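On the provided structure of chain A, position chain B as indicated by the hints.
Chains as they are written, first to last, in our numbering: chain A, 1 to 254; chain B, 1001 to 1254.
Worth flagging that the hints you see were computed from the coordinates, not collected in a lab.
It is possible that some hints are incorrect.
[To be verified] Calculated pairs, DMTMM-like style, for lysine to aspartate or glutamate (alpha carbon to alpha carbon, straight line, at most 25 Å):
1. B/1228 / A/217
2. A/216 / B/1198
3. B/1216 / A/236
4. A/184 / A/163
5. B/1053 / B/1017
6. A/184 / B/1197
7. A/53 / A/24
8. A/228 / A/211
9. A/184 / B/1204
10. B/1228 / B/1211
11. A/228 / A/92
12. A/228 / B/1211
13. A/53 / A/89
14. A/228 / A/104
15. B/1184 / A/199
16. A/216 / B/1199
17. B/1216 / A/229
18. B/1216 / A/204
19. A/216 / B/1236
20. B/1216 / A/198
21. B/1216 / B/1234
22. B/1184 / A/229
23. A/216 / B/1204
24. B/1053 / B/1009
25. B/1228 / B/1082
26. A/184 / B/1198
Quantities reported herein were computed from a predicted structural model and do not represent experimental measurements.
There are 2 protein chains.
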Amino acid sequence: MHSVHFTAETSSNGVVERDFTLGEVSGVLWSPASGSGRAPLVLMGHGGGTHKKAPAMAGRAHRLVTGCGFHVAVIDAPGHGDRPRTAYDEQEIAVMQQAMAAGESVGPIVVRYNGHLAERAVPEWRATLDALQGLPEIGPDGPVGYFGLNMGTAIGVPLTAIEPRITAAIFGLHWPEALAETAKRITIPIEFALQWDDEHIPRESGLALFDAFASKEKTLHANAGAHKELPRFEVDSAVRFFARHLGLSHIEGA
Amino acid sequence: MHSVHFTAETSSNGVVERDFTLGEVSGVLWSPASGSGRAPLVLMGHGGGTHKKAPAMAGRAHRLVTGCGFHVAVIDAPGHGDRPRTAYDEQEIAVMQQAMAAGESVGPIVVRYNGHLAERAVPEWRATLDALQGLPEIGPDGPVGYFGLNMGTAIGVPLTAIEPRITAAIFGLHWPEALAETAKRITIPIEFALQWDDEHIPRESGLALFDAFASKEKTLHANAGAHKELPRFEVDSAVRFFARHLGLSHIEGA
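Isolated chain A (complex conformation):
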């Protein structure tokens, strides 16, 4: 097992941000600035075309760290952020951009390309989790959650299906075609986000993916609005969901 290599550290508003690498993988770990005891870990997957420190990632991480005292880790997906694109990445991105420019449906291309990225990303996530659990402030036995929408769901569903250390997850905003069969093997508590007026993902498709999870506790949050209009207040639900399932850490005294 390899260790994470910390390359930079900053701190703001009670949150320590540490960049790390693990072999070819670049990541970031957000942690409470105070407190030395162990705390739960949330893995977050970013969306397609963005990266580990995109505003949505940093914003959600700060809420989970300051609200619950958790650690939050994000790694750049293959071909994203600090990581190089392969010739195949370039080709699929070009196809996607052509479809968008032509006003055609990007769904089939996203489903295919995200499925490919998930095959590369799942083993990276498992190695990252191994390494993060080697840190004394996380440890090998603490609760682990996963939070990823869009491409973060395409990677997170197959990861969660084979990773027993993940015990609660938030998914959403994806098509069911490549994921529904895998979702049927997932039984942990799930929160699932869907945009009721999504211009890319048909409503029935989003509902079908939510329906596929075998979890006894699963909650759909469907909001009026287009694909990119997920309301900001959903992060409040995410914080409460993980607090409920991973437990508040020592930071909150709970």
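Showing chain B alone in chain A's frame:
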């Protein structure tokens, strides 16, 4: 305009509970024990066959009072709680019980009977709101929300459609047949609860009622489980929804 007549007062855990009557209507008003300034008001509608002080009502009221500093009012629906049943009430209840005993669908009966109750209840709610706004701790201009599931939705949707003082509402767990056309006239922020495995309300029917609201901000919370298995954690969402839309009162200092 008539005034509410307070008939009993108790206090526990920072919450004052006052029974009241307004003509033939029996109700209860829960308020913060401390604080003399004005605070927002949430009207809550109880479910069919229950009453103003059913555990779900008292539990939600305590959370809204202690969490947000709000006032919460519930009135017994016609034929419920302290209020007499008419011959028509008795007849419809008998038909419903026969259908349940025979294992038949109760949906059409509930839709019809709740529609009838709503016609009686809506003017009672409006008179109650008039009277409650005459109290100095509520006042004529403060924010007003409505929170009612099951029969509370059958009464609350037509009430909200004609009552401009209600500016945010939580509905759910009902059929669309008698309500969808009315819901199309409602534009205020809505949270809507649905049980994904409801044995009484077909999934498509619940989704159709949510879809009908014209609100720009509306959120569906669909949870795995049967009709009566709405998770307790949904009350946390309700508290945050009303805090967001009605504003926290002086109690929270926000």
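Hint check results:
1. About 14 Å separates the Cα atoms of residue 1228 of chain B and residue 217 of chain A, which keeps this hinted pair within 25 Å; it holds.
2. Among the hinted pairs, residue 216 of chain A with residue 1198 of chain B is consistent with the structure: their alpha-carbon atoms are about 14 Å apart, no more than 25 Å.
3. About 20 Å separates the Cα atoms of residue 1216 of chain B and residue 236 of chain A, which keeps this hinted pair within 25 Å; it holds.
4. The straight-line distance between the Cα atoms of residue 184 of chain A and residue 163 of chain A is roughly 14 Å, inside the 25 Å bound, and the hint therefore holds.
5. Restraint check: the Cα-Cα separation between residue 1053 of chain B and residue 1017 of chain B comes to about 10 Å, which is no more than 25 Å; the hinted pair holds.
6. Restraint check: the Cα-Cα separation between residue 184 of chain A and residue 1197 of chain B comes to about 16 Å, which is no more than 25 Å; the hinted pair holds.
7. Proximity of residue 53 of chain A to residue 24 of chain A is assessed by CA-CA distance (about 17 Å); at most 25 Å being required, the pair is judged to hold.
8. In summary, the hint linking residue 228 of chain A to residue 211 of chain A is supported, as the alpha carbons are separated by about 22 Å, within the 25 Å threshold.
9. The hinted pair formed by residue 184 of chain A and residue 1204 of chain B meets the criterion: a straight-line CA distance of about 21 Å does not exceed 25 Å.
10. Annotation: proposed proximity of residue 1228 of chain B to residue 1211 of chain B holds, straight-line Cα distance about 22 Å (limit 25 Å).
11. Restraint check: the Cα-Cα separation between residue 228 of chain A and residue 92 of chain A comes to about 22 Å, which is no more than 25 Å; the hinted pair holds.
12. A distance of roughly 19 Å separates the Cα atoms of residue 228 of chain A and residue 1211 of chain B; the hinted pair therefore holds under the 25 Å criterion.
13. Distance check on the hinted pair: residue 53 of chain A and residue 89 of chain A sit about 21 Å apart at the alpha-carbon level, within 25 Å; holds.
14. For the hint linking residue 228 of chain A to residue 104 of chain A, the alpha-carbon distance of about 18 Å falls within 25 Å, and the restraint holds.
15. A threshold of 25 Å between alpha carbons decides the hint, and for residue 1184 of chain B with residue 199 of chain A the separation of about 22 Å falls inside it, so the pair holds.
16. A distance of roughly 16 Å separates the Cα atoms of residue 216 of chain A and residue 1199 of chain B; the hinted pair therefore holds under the 25 Å criterion.
17. The suggested pairing of residue 1216 of chain B with residue 229 of chain A holds, with an alpha-carbon distance near 11 Å, which does not exceed 25 Å.
18. As the CA atoms of residue 1216 of chain B and residue 204 of chain A are separated by approximately 20 Å, the hinted pair is consistent with the 25 Å bound.
19. For the suggested pair residue 216 of chain A and residue 1236 of chain B, the alpha carbons sit about 20 Å apart, so the restraint of at most 25 Å is met.
20. Taking the CA atoms of residue 1216 of chain B and residue 198 of chain A, the gap is near 14 Å; set against the 25 Å cutoff, the hint holds.
21. Distance restraint check for residue 1216 of chain B and residue 1234 of chain B: the Cα-Cα separation of roughly 21 Å lies within the 25 Å cut-off, and the hinted pair is therefore satisfied.
22. At most 25 Å may separate the alpha-carbon atoms for a hinted pair to count; residue 1184 of chain B and residue 229 of chain A meet this at roughly 22 Å.
23. Distance check on the hinted pair: residue 216 of chain A and residue 1204 of chain B sit about 20 Å apart at the alpha-carbon level, within 25 Å; holds.
24. Pair hint residue 1053 of chain B plus residue 1009 of chain B holds up; C-alpha atoms about 14 Å apart against a cutoff of 25 Å.
25. For the hint linking residue 1228 of chain B to residue 1082 of chain B, the alpha-carbon distance of about 24 Å falls within 25 Å, and the restraint holds.
26. Between residue 184 of chain A and residue 1198 of chain B the alpha-carbon distance is near 20 Å, which keeps this suggested pair within the 25 Å criterion.
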